[in-house]
Structure formats: C-alpha cells, structure tokens
Amino acid sequence: MSAREDLLVEGRTGKWEIVLGLEVHAQVISKSKLFSGAATDFGADPNSQVSPVDAGFPGMLPVINEMCVEQAVKTGLGLEAQINLVSVFDRKNYFYADLPQGYQISQFTQPIVGKGLIHLDMPDGSVRTVGITRLHLEQDAGKSLHDQHPTQSYIDLNRSGVALMEIVSEPDMRSAEEAGAYLKKLRSILRYLGTCDGNMEEGSMRCDCNVSVRRPGDPLGTRCEIKNVNSIRFVMQAIEYEARRQIEIIEEGGTIVQETRLFDSGRGITRTMRSKEEAHDYRYFPDPDLLPLVLKQEWVDGLKSGLPELPDAKKTRFVADYKLSPYDAGVLVAEKAVAAFFEDVARGRDAKLAANWVTGDLFGALNKRGLGIEASPVSAASLGEMIDLIADNTISGKIAKDVFAAMVETGKSAGAIVEEQGLRQVTDTGAIEGAIDAVIAANQNKVAEYRGGKDKLFGFFVGQVMKATQGKANPAMLNELLKQKLAG
Amino acid sequence: MTVLTDLTLTTAREGLRRKEFSAVELAEAHIAAVEAARPLNAFITETPEKALGEAYRSDEKLARGEGGPLEGLPIAIKDLFCVKDVLTTAGSHILDGFKPPYESTITSKLWQAGAVCLGKLNMDEFAMGSSNMTSYYGAVHNPWTRQGDNRPLVPGGSSGGSAAAVAARIALAATGTDTGGSIRQPAGFCGIVGVKPTYGRCSRWGVVAFASSLDQAGPMTRSVRDAALMLKIMCGHDPKDSTSAPMDVPDFEAALTGDVRGLRIGIPKEYRVDGMPAEIDALWQQGIDWLKSAGAVPVEISLPMTKYALPTYYIIAPAEASANLARYDGVRFGLRVPGDTLGEMYENTRAEGFGAEVKRRVLIGTYVLSAGYYDAYYLKAQRLRTLIARDFDAAFEKVDAILTPTAPSAAFALGEKMDDPLAMYLNDVFTVPVNLAGLPGMSVPAGLSADGLPLGLQVIGRAFDEATMLRVGGVLETAANFTARPKSDFGKGAA
Numbered sequence: 001m002s003a004r005e006d007l008l009v010e011g012r013t014g015k016w017e018i019v020l021g022l023e024v025h026a027q028v029i030s031k032s033k034l035f036s037g038a039a040t041d042f043g044a045d046p047n048s049q050v051s052p053v054d055a056g057f058p059g060m061l062p063v064i065n066e067m068c069v070e071q072a073v074k075t076g077l078g079l080e081a082q083i084n085l086v087s088v089f090d091r092k093n094y095f096y097a098d099l100p101q102g103y104q105i106s107q108f109t110q111p112i113v114g115k116g117l118i119h120l121d122m123p124d125g126s127v128r129t130v131g132i133t134r135l136h137l138e139q140d141a142g143k144s145l146h147d148q149h150p151t152q153s154y155i156d157l158n159r160s161g162v163a164l165m166e167i168v169s170e171p172d173m174r175s176a177e178e179a180g181a182y183l184k185k186l187r188s189i190l191r192y193l194g195t196c197d198g199n200m201e202e203g204s205m206r207c208d209c210n211v212s213v214r215r216p217g218d219p220l221g222t223r224c225e226i227k228n229v230n231s232i233r234f235v236m237q238a239i240e241y242e243a244r245r246q247i248e249i250i251e252e253g254g255t256i257v258q259e260t261r262l263f264d265s266g267r268g269i270t271r272t273m274r275s276k277e278e279a280h281d282y283r284y285f286p287d288p289d290l291l292p293l294v295l296k297q298e299w300v301d302g303l304k305s306g307l308p309e310l311p312d313a314k315k316t317r318f319v320a321d322y323k324l325s326p327y328d329a330g331v332l333v334a335e336k337a338v339a340a341f342f343e344d345v346a347r348g349r350d351a352k353l354a355a356n357w358v359t360g361d362l363f364g365a366l367n368k369r370g371l372g373i374e375a376s377p378v379s380a381a382s383l384g385e386m387i388d389l390i391a392d393n394t395i396s397g398k399i400a401k402d403v404f405a406a407m408v409e410t411g412k413s414a415g416a417i418v419e420e421q422g423l424r425q426v427t428d429t430g431a432i433e434g435a436i437d438a439v440i441a442a443n444q445n446k447v448a449e450y451r452g453g454k455d456k457l458f459g460f461f462v463g464q465v466m467k468a469t470q471g472k473a474n475p476a477m478l479n480e481l482l483k484q485k486l487a488g
Numbered sequence: 001m002t003v004l005t006d007l008t009l010t011t012a013r014e015g016l017r018r019k020e021f022s023a024v025e026l027a028e029a030h031i032a033a034v035e036a037a038r039p040l041n042a043f044i045t046e047t048p049e050k051a052l053g054e055a056y057r058s059d060e061k062l063a064r065g066e067g068g069p070l071e072g073l074p075i076a077i078k079d080l081f082c083v084k085d086v087l088t089t090a091g092s093h094i095l096d097g098f099k100p101p102y103e104s105t106i107t108s109k110l111w112q113a114g115a116v117c118l119g120k121l122n123m124d125e126f127a128m129g130s131s132n133m134t135s136y137y138g139a140v141h142n143p144w145t146r147q148g149d150n151r152p153l154v155p156g157g158s159s160g161g162s163a164a165a166v167a168a169r170i171a172l173a174a175t176g177t178d179t180g181g182s183i184r185q186p187a188g189f190c191g192i193v194g195v196k197p198t199y200g201r202c203s204r205w206g207v208v209a210f211a212s213s214l215d216q217a218g219p220m221t222r223s224v225r226d227a228a229l230m231l232k233i234m235c236g237h238d239p240k241d242s243t244s245a246p247m248d249v250p251d252f253e254a255a256l257t258g259d260v261r262g263l264r265i266g267i268p269k270e271y272r273v274d275g276m277p278a279e280i281d282a283l284w285q286q287g288i289d290w291l292k293s294a295g296a297v298p299v300e301i302s303l304p305m306t307k308y309a310l311p312t313y314y315i316i317a318p319a320e321a322s323a324n325l326a327r328y329d330g331v332r333f334g335l336r337v338p339g340d341t342l343g344e345m346y347e348n349t350r351a352e353g354f355g356a357e358v359k360r361r362v363l364i365g366t367y368v369l370s371a372g373y374y375d376a377y378y379l380k381a382q383r384l385r386t387l388i389a390r391d392f393d394a395a396f397e398k399v400d401a402i403l404t405p406t407a408p409s410a411a412f413a414l415g416e417k418m419d420d421p422l423a424m425y426l427n428d429v430f431t432v433p434v435n436l437a438g439l440p441g442m443s444v445p446a447g448l449s450a451d452g453l454p455l456g457l458q459v460i461g462r463a464f465d466e467a468t469m470l471r472v473g474g475v476l477e478t479a480a481n482f483t484a485r486p487k488s489d490f491g492k493g494a495a
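Line by line, the protein sequences are chains A and B. Quick note on the working numbering: the first sequence kicks off at 1 and runs consecutively. Quick note on the working numbering: the second sequence kicks off at 1 and runs consecutively.
Some clues are possibly wrong.
Just some of the chain A residues that point at chain B, by a computed CB distance under 10 Å [claimed, not checked]: (1) 63; (2) 96; (3) 289.
No lab work stands behind these hints: they were computed from the structure. From a predicted model like this one, the values you see are computed outputs, not experimental measurements. Even glycine gets a Cβ: it sits at the ideal position worked out from N, Cα and C.
Looking at chain A on its own, in the form it has when it is part of the complex (with noise of 0.2 Å):
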C-alpha cells in the first residue's frame, strides 16, 4: 500500500508514516461461558459465577458452548469474513494466580473466522476499508485484586472463562483518527449483531494496539504494542504518544526496542511493560479435551439469513431511500436505535428535515443531559409530530427550535406546547400585510434608501416585521409580501 501524503507525519528530519494495527477483546454476548455452564452478568459479588471447571479443579472437563460459536460466526460473517468449517482450540500456556488451569484455551493456528473486511466512516464522508486478519474464541481469565489487602492478593474468578473474540486487524490504519473511526465501527457492527456489547468502560471490549513507523515507502518498522486500553479516546491518545515517542527515538539516532507496552491514562503516555525477551513461551498445542469444531454450512448459512440489516447496508440505504449525505447517514446508522428513532421520525416526511432534526436539536438535547437515544425525553412520534406542524406552516422552523426546546424541558407534545404559548404562525396575510404597512410607515427614509439600490436594507424590514408579529409570521410569506410592498 502507498503511503498516504495526506497521513503522514512531520518529524524534525522529514515525514513519517504511522502504521497501526489493532486486537480487540470482545466479551461475547451469552449467558453462561464458553466451556462451563456459569453466569456471566457483570457486577457479581466476587466468586459467586464460579463452576469448578472455571476454578480449574482436578478432572474438571471443559465442554463448547454453542451459543458462543454462533456469537462468533454472526460476527465473522458480520465482518465479511471466512468462516472456518473446521476450527481447533490450543492450550496457552502460562502461570498466573488469576488463570486457574494455568493455560487459557484459545484458538491458534486454526481460527474460527478467518480474513474479513470492515469499513470505516470518515468524519469527512469519505470511508476506508480495513482488513481483518481474523476472530478467534478464547476464554478470559480471573481478575487479581491487589488492593484489598497489605501484603497479599485477592481472586475474582467471575470471569474467568467467559467467551471472548479476539478480533485482530492488519496494519491498514495510519492514524489515530483512523483507528478511533475502526473502533466506533467494529462497535457499531458488534451492538448491531448483538454479539457483544462494546462498554469499553465495563471492560466488555478492551483493545490491544500495535503502532510502529516508518518513513514512507520502507518496509514495516519494529512494533510495539500497547495492551489492554480501555476507551476510544485512550487508543488515540496512546497511538498519537506512541508514534511520537518512536519518531523521536529514530530522528536521534536509535532504535525501537520490539515490547509490550502499557498506557497511563493520568499521563498520557506509554510505557514498558514487558520487553520481547521476557515474552513469554505460550507452548502452544491443541487441547485434548476437546475436539476440533466442525460446523455445517448448512447451519452457517441460515445465521448469515438471520442476520439484521448492518450499518453499511443501513447506510447505503438511507443515503438512496432518504436522498441523505453519505456523512449524515453515516452519523444516524452508527447506533441501530438512533437509525430506529430517525426512520420513525421519518417516515411519511421529509426525511432531509427529519435527519436534520435528529442529528441537530436531539443529540444536542441528549449529550447535553448525558443520555442514549433509548431514554430521549422527546419520542419519535412526538418529534414526528413537531415537524407535521413545521410542513403545515402551524410553526416556522425559527419558533420550532423553541418549541423543541420547550417539550424537552416538559415532556409535553408540540401542539399543546404551540397552544399553550400562542405559537401558531400567522398566515394571515392581511395581518402581516398590517404589520408591513405600519413598519413602512414608521421607516420613511429607509424605504426611501432601499428603493434607491440599498438592497441590504431587506433583512432589516424583515426584523421589524418579525418583532412585530412576535415572530410568528410565515417567513416565505413574509418575504414575498415585503418584497411586493417595498417595490411600491
């Protein structure tokens, strides 16, 4: 791939090229984990979803859980990727208090999703296609409390041997921006599958970032990886420390050692975890307990007819069906509720107006408040009602922002509001002609100055006329007739 001049870099001694790739950690959605019939619901008491499979006891057998492999399929195919009909889980393995069997089951060699794409949506319209390396199932482990106790740790094995995809990109990102737009995408297509539920907050999707540079056109330079961020707006920070930290290293002369690195979110920055010597030796090898996962394409075939509409057909769609921009689309598909909410607003209206409505006055409302689209004070149906009163020329749509307003702070509808506050437009052009008249009247030398070229003068009747009708006259109407008095 060629560099892209509009990404790179500017460094002391000349351009750079950031590569990226990323390894999401998706919690897969289910009810009990992936080899043992325990609960998954977040917030437990400590050890309370715990089978003595997950806790590693002696002659405890770990069994697949169905349900999670048609997580990951309906992923996978979410993805545009492979689906392997044959797949095998590996032990790996490593000692650690949290990790019970001391290996953690996962898939290695033989993945159950293979190569796949995804596509992101530039905050300019434009969109960028990433590839996927591959998904694979793996079992989370413990959590290791080091904070309850002076001198020792305490275990949570809630989550331990939960199902997790482990989602891998290639290095096609190369910027931060890039990788933002790669995560709320990958999020987008998880929430709309119903796969996993994307709270990063809540460590159901955790990301593991590789960045190294390069001056463009040269082959890939030593990566360091960046483990375990836990927001959005982190990966970008830690990419941007990150690239920054290792141009500088080469301009002055040295090299970039190949580590794992962790992100300090209070200093924004990265730093050593642990370098490639200490790597760990996994030992690799397929776990006897269990046999390769065969599946029918038969069976794959029917979740892929199952699957809902995703975010790129939805916005496909919106963009033919609802004439919107590419971006605007982009920015109501990204949350299947928000593209709900805006298909119920728009449908039987101008769907322009409604996109407008919805990305405009409502986000403004609900980031405002702290709110998601499912707790909107104003519903579909009343917002769908609000615009009903723009189209029939009850409101202008100067006065509906305040009457948006005004049912956001109540709950009540647009027509009580409108009612109630003696809102209705006046398209009566007898009265606005009135209120013509009488500013004219009072504004001799001005209509004198207009009539004599001063064109710009137009905006100021249009004032007067509006204050005198409390702004509530049709503007198109106000226009035309303003236009005809002032001509004389």
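Based on these hints, arrange chain B on the given structure of chain A.
Same frame as chain A, but now just chain B:
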C-alpha cells in the same frame, strides 16, 4: 462355609440375591480384610463408615427386590477418581487435603448401580509410573512374592493399589485408569483381569487428568465375567466429556459365549523384543495354542511402527501432563508452600508438592512444547501416533483381535529399576501402542513364571469392539484356568 472375600462380583451378586448373606456382612468381611491387609499399603483412604452405610441401604433395596446390577458389592476406587467429600490425592503430596465437591461420572455410575465404596486406592503419583513406587503415600506391596524369596515386589503401576487389593481379595473389584498400560501391566503383575476400553468409552469427567488424549478408566477384577459386568456400568456417553463417544454400550456379559471359532487372531511379529524372558515367549505361544485349539485362527501380522511407540508416548504424554498439572499451583486447593512473591509460592509449592517422576515428566513435556522444539518433538510425535494407529487399522483388516504378552517381565522387586527411568518405561512396551491408537486392550492372567509369579496375556480389540476382545479373553481365562493364589491372600477365611 463361603469366604465372602473370596467371591467374585458375579458370585457375590448371586449370594446376595439368594440371601445367603447380607450386603452389610459382605462389607464387614471386606472392611476387616482391608484392615488386615494394611501392610500391603494398597489404600490411601479407607472409608469403612461410608461402606457400611451404603451396604445397609443396599440391604434395604435388596429386601424390597430392588437394587442395581452391583447392589451391595464392595469395590475400591483408584485415588485418581474424584469421590465427593472424600480425600482425593492422585497419589500426590500436592493434593493434600483435597476433598472434591463433586463426584466423577464413573464413580457416580458405580454407586448408582449399587456398588459399595471401601475407599481410595494407592497409585503412582498422577498415574506416572509402572511400579507404584512414585506414590507420595509409599510403595504398595504386591501380594505375590517369588518362591523362596520374601523380598517385597512391586504390584506394577500406576493402578498398583487397585491390582494389589483385588489380587489380595480385599476388594471384589477396583477401578483403574490406563494411560500407557496402567491397568493392564499391574493386572498382569498381580494375576488379575484388567480392561482398558476404547478411548472415549468411559467418561474422564472427574478423573484427575494425566494425559488427556490417552487416559481411559477401566475395571480390574478377578474374572473376565466380572470385568464385563463392571465395564458395562462404567461405559457410556457423557455430555460433560467432549471426547466421550456418543455410542451405545453393548451387553458385554452376553458377549462371553466362549465361542471363538473362526476368529482370526493377530500375532504381531515385532513384539518378540530383545531380552524378553523365554518363559514369556513360551506363555505367548501357549496362548496362541489355546486359542487355536478353541477354533480361532492365528495370523501373523506386522506392526512396524511399534518400535516408535515408546518415544512417541514419552513425548505426547508428558506434553499433555505439563499443561494438565499446571493447575496445581497452591492458589485454590491442595498444598500451598508460602513464598515472598507469587513466583516463589509457585516454586515452593510445586517443588515440595511434586515427586521426582512427576517433575521429570513436567520438564520433558515443557521442553517438547517449547518454541523451537515443538516441530521436532511434539509435532513429529503426533505424526508417528497417526502412523502407529494406521498400523493397527491395517492389521484389523486381516484379524479380529490381537494377542501379545502384557509386559516383558514379571513383577520386580521394590526399588529395582528406580535408578533407570528408561528400563522402567520399557515395561509398557506392549501396552503403550494400544493407548496411542485409542484401542481397547485387556490383560488376562495366563500362567506363572518359573519363580511363581503371575504372567498376563494381552488381547487387543478393534475400536469399540470390546465385546470380541472380552470373548477372546474369556476363552483364554478358561483355557489357562489360573487358580494360583498370592502369598498375601485375604480370601482364605479366618486364619
């Protein structure tokens, strides 16, 4: 008068039905024998109260005309099987104090069938050994001794406690497990019947794992009929074990027709190994002759990959074991030896908790899976394993069962071969290929060595054709008419 400890499962079952004695009496007789036999060190944990309670309930069931196929029959359990709330050690210090909160599938089935639990049997640590010398709980003495020589002998291993208990008549039967010969070799050394079924026949759920792709549980008994009876109860698909075979279990007792006419019996030419005693070779020939005179047809077969079986096994089994034993880390159960850091606690716990043989195999297993060695060792061993299995596939196109000696020697003395792991590993030369191929195999007592020790013959069957294997074993049993008794014999009644 009937000596209750001298019965078999089948004859004791008849006696209970005919009300010749009660289950409690049967249990009491065995509990007394277990106590008297303590010098053999066959048990790690005795559970006399549990046995009596169960026997009492069995008597109630029998009185109502109810009860399962093993109702009221006292057996003992290799200490690799988790028995709920009963100390389960796998013969290791590292499982100190471990009482599982669950019951293995196999023991559940046995208790469901009415069997009475006498206790948990000694074994090589984590089933790693062929002598029972690696147990943290000390060596088990073979009930047999050489003529004119009182030196204690090993019972074989790893199911050494099981074989000794059944041979000494302190349990009617016992469970064993077999990863490379751990049921068949001790059965051969102690003069009893031991069956390793096809891989996937018996659930491994709740059995402490040694090498998951090789481990299989099986019965150890004093007759082929008993083995057939007990095997039927132990087998069956278990959804909790992903490697358990979803196949029906035939009536193995019904397969014991005694009719082997026309059966083709494979005699692998490569099994005449260097240094094998002439008497074992002679016994093997005797076995061939017995089957021939019963109407079977001996056929010479070739299993050329057999010579790679031991090295293949000693890569795959330790590799799997190195991961299976990683969970013994002192964190959640068993022994914990404190340290200043997590790493130190691991090191202290595992250094003190594991014995030398276990450490040796964990090190070998870790090595063969390491980056840079994986292809040369583990991957190559897996390929050889496939080739070894193919040898058997080809052979079974021509024959219905295969006959070999069980082991290349009779029982040896305590402490012998301990300084030479390779000599010890050679004990499994005839049994290991069967595990690698996942096939069923059994040992039948067939004769005595010149110094009066039992020798076994091994019958190997097609995958999931334990029925034919048992039929052949039954004919050998009848022909051999093995009536010799060990020196330590608790089936003789009150002395």
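Unmet hints by their number, sorted upward, for this structure
none
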